[in-house]
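J.: Chain residues, written in single-letter form:
There are 2 protein chains.
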Amino acid sequence: MSRKSFPLSKVYGLLEPGPVVLLTTASQTKVNIMTMSWCTMMEFEPPIVGCVISNRNYTFNILKATKECVINIPTLELAEKVVGCGNSSGRKIDKFKVFGLTQVTASCVKAPLIGECYANLECKVVDEKMVAKYNFFILEVLKAWIDPTRKDPRTIHHRGRGVFMVAGETIKLPSKMK
Amino acid sequence: MSRKSFPLSKVYGLLEPGPVVLLTTASQTKVNIMTMSWCTMMEFEPPIVGCVISNRNYTFNILKATKECVINIPTLELAEKVVGCGNSSGRKIDKFKVFGLTQVTASCVKAPLIGECYANLECKVVDEKMVAKYNFFILEVLKAWIDPTRKDPRTIHHRGRGVFMVAGETIKLPSKMK
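So the sequence lines, in the order shown, correspond to chains A and B. Just so we're aligned, residue 44 is where the first sequence starts under the numbering used here, counting upward by one. Just so we're aligned, residue 44 is where the second sequence starts under the numbering used here, counting upward by one.
Please note that a few of the clues may not be correct.
Heads up, the list lumps identical chains together, so a pair's fine if it works in one copy or across two of them.
Said to hold, decoys possible - List time: in silico EDC-like cross-link candidates among lysine to aspartate or glutamate, alpha-carbon distance up to 20 Å:
(1) LYS194 - GLU212
(2) LYS172 - GLU86
(3) LYS110 - GLU171
(4) LYS215 - GLU120
(5) LYS124 - GLU212
(6) LYS47 - GLU159
(7) LYS219 - GLU123
(8) LYS53 - GLU183
(9) LYS215 - GLU123
(10) LYS186 - GLU159
(11) LYS176 - GLU88
(12) LYS221 - GLU123
(13) LYS219 - GLU86
(14) LYS140 - GLU123
(15) LYS219 - ASP137
Treat the hints as calculated values from the structure; they're not laboratory data. All values derive from a computational prediction rather than experimental measurement.
With the rest of the complex left out, here is chain A:
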């Protein structure tokens, strides 16, 4: 894929529609992938993102220790791998290897980008005050990448228990909203 730098001022438009994402982390010895849907924008620029990562997940302790991750946005053709990553634990398997995904070196963080995803957001943890009570991490996006050839990406959106809505048509209405 042709990956290009993407303006931080436009990152909100990637996450605001609510796609399932794949969160990558890297400890000193391992990389991991976690499927995640509980995520929201919190500020436009710098882009601030809030997300829930259960303390039962292998990712939780890695993120607490390294304070770095990448939010990777997959599309429909990766749906089976997305569910596979959600149904397994990095404690037991190397998800990059098992699901045939490609590690791409990030520019600002040690966690890798997933090569097959159409967008990748390199992030650092900036606020952990809500982690103890809600497992809620607040992240700042440091660097964003996109495949500019994908105009209307068919992102997938989880309705629960393996049921996904697939992004359909795009409409544009006259709006003053950002």
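Assemble the complex: chain A is given as a structure, and chain B must be docked to it using the hints.
T.: Just chain B now, with coordinates in the frame of chain A:
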């Protein structure tokens, strides 16, 4: 529409896909509607929802004072009204009247349901610790309603500046994920 009570245990499946929602509030003298996209699930049951409501919005002070609101989920046929609500302020107009929307009495809160929306979640504010820094309110859903005739609702998902992705096809994959 035929509105029925919806189990709180299933509420996450309504918000997790990331639809644009209409937040209704009621002060002692006025009701208001706010268009909102920055919202995430934070717990399954009771359903806890986190959302960003800018302190520039008329809704902000009403929510701070009353600690109650309704999250209403619109579908495609309401898109113009959704943008209309996002482009105007309740300080100046009565949005229910201007956009021809119907107030339906809620069961647990004073804020009204929007009759035309396919789902409605009555909420109370349960945590304001992140409001000062991020305008981030944490809500508990007390009561949920749905139109059970709408199986695959064509929710709308904001990509920024009036561009919306419309919910497309539904797929189901074998999954152990909740």
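J.: Which holds for LYS176 with GLU88 at a C-alpha limit of 20 Å: within a copy, between copies, both or neither?
T.: between (26 Å within a copy, 15 Å between copies)
J.: Is it within, between, both or neither when you check LYS110 against GLU171 at 20 Å Cα-Cα?
T.: Cα proximity of LYS110 and GLU171: one copy only (10 Å, versus 25 Å across).
J.: Within a copy, between copies, both or neither: which one fits LYS219 and GLU86 at a CA-CA cutoff of 20 Å?
T.: Result: close within a single copy only, 18 Å intra versus 33 Å inter.
J.: My question is about LYS140 and GLU123: at a cut-off of 20 Å on alpha-carbon distance, are they close within one copy, between copies, both, or neither?
T.: Within one copy only: 15 Å inside a chain, 46 Å across chains, cut-off 20 Å.
J.: For the identical chains here, do LYS215 and GLU123 meet the 20 Å Cα criterion within one copy, between copies, both, or neither?
T.: between (31 Å within a copy, 10 Å between copies)
J.: At most 20 Å between alpha carbons: which applies to LYS219 and GLU123, within, between, both or neither?
T.: Between copies only: 13 Å across chains, 38 Å inside a chain, cut-off 20 Å.
J.: Pop the pair LYS194 and GLU212 into one bin, within, between, both or neither, using alpha-carbon distances up to 20 Å.
T.: Both: 11 Å inside a chain and 18 Å across chains, each within 20 Å.
J.: When no copy is specified for LYS53 and GLU183, does a C-alpha distance of 20 Å or less occur within a copy, between copies, both, or neither?
T.: This pair counts as within: shortest intra-copy Cα distance 14 Å, inter-copy 30 Å.
J.: How do LYS172 and GLU86 come out at 20 Å by Cα distance, when the copy is not named: within, between, both, or neither?
T.: Both. Shortest intra-copy (17 Å) and inter-copy (17 Å) distances satisfy the 20 Å Cα cut-off.
J.: Classify it for me, LYS221 with GLU123: is the Cα-Cα distance of at most 20 Å met within a copy, between copies, both or neither?
T.: between (33 Å within a copy, 16 Å between copies)
J.: Please sort LYS219 with ASP137 into within, between, both or neither, judging by C-alpha distance up to 20 Å.
T.: between (46 Å within a copy, 19 Å between copies)
J.: Given identical chains, is LYS47 near GLU159, meaning Cα to Cα at most 20 Å, within a copy, between copies, both, or neither?
T.: Within one copy only: 14 Å inside a chain, 42 Å across chains, cut-off 20 Å.
The structure fails none of the hints (numbered hints given earlier).
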